[in-house]
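Going down the list, the protein sequences come from chains A and B.
Each residue of the first sequence is one higher than the one before, counting from 21 in the working numbering.
Each residue of the second sequence is one higher than the one before, counting from 8 in the working numbering.
Simulated from the structure, these hints should not be mistaken for laboratory data.
Some chain B residues judged to face chain A by a derived CB distance under 7 Å, without partners named:
| id | residue |
| --- | --- |
| 1 | V137 |
| 2 | T138 |
| 3 | A140 |
| 4 | N143 |
| 5 | F147 |
| 6 | A151 |
| 7 | T153 |
| 8 | A154 |
| 9 | D155 |
Below, a sample of chain A positions facing chain B; criterion: calculated Cβ distance under 10 Å:
| id | residue |
| --- | --- |
| 10 | L22 |
| 11 | H23 |
| 12 | N27 |
| 13 | P37 |
| 14 | N57 |
| 15 | R112 |
| 16 | P113 |
| 17 | I114 |
| 18 | I116 |
| 19 | G121 |
| 20 | L126 |
Using N, Cα and C, we set each Cβ at its ideal position, and we do this for glycine too.
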Amino acid sequence: MLHIQCNQCGKWTVAGPEAGADPASALECGCCTQAHNHDHAASACPGAGLNHQGAPCSHPDGGWACNVVTPLGEDCPGGHCGLGIEGCTVCRPITITFLAGTVKGLTAHA
Amino acid sequence: MPNMTDRNTSGNNLVNKLQQAIYCLTATTTYTPGAGGGSAFAVTPPFFLRLLTAQGSNTANGTELSGTGYTAGGNTMGSPAFGTPSGGVIASANAVSWTAGAAWSAVVAVEVWDSAATKLRYLQGAITSVTLANGNTLNFAAAAITADSSQS
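Only chain A is shown next, with the shape it has when bound in the complex:
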């Protein structure tokens, strides 16, 4: 079983192993009500982990955990946009947790 929680609003759910392939879709919350894959834009960000390829980034860790995505070649709709802003491209980061006792029976190296 996987515990899947929205990092923004804290809403969570517990889902079966089938949710592992697309955990974001297993959680519904009010942070993003658009009918799209909440992970797609974030994973497609060309600057992910690269401090936006040298571009200024106000995220405190330099973009490593940035969850704001503006598609390459498009103007940012307003710095780090936010929930409720028209055209918001804030993706919805989640935390996937393996709960106690869910990784069983590790075996020793021979």
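Could you slot chain B onto chain A? The hints should help.
Same frame as chain A, now just chain B:
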């Protein structure tokens, strides 16, 4: 006398003691057997949890994840890495987590390694396959990972 174990929770608890002697260490410890008892060996904590994109076996390592936000060699499991064993089963004592800095390949297994100069693998096993998007966090709660040393 195959699979001889003592996992009696009110008896000698030999398996529990063996698990404690390895997985509950907080400092490097060398075990030196008596004459004719085999070679000495050292156990070097802290243990590290590695994420794999392909599971290995009990005799071969799996394929470690390579992705932004993940450092080769994994993350520490804390010290001690595991809690008090019971009935031959020992569980991780601390949470371990990562935040993906880009989309990750599916993580399908984990391995537990020590911190020796030449690192040694101790445990391995499959997990529920999970795929992380950029910005998502993967967390193993305390006691999420268990090893059963009394099984054959």
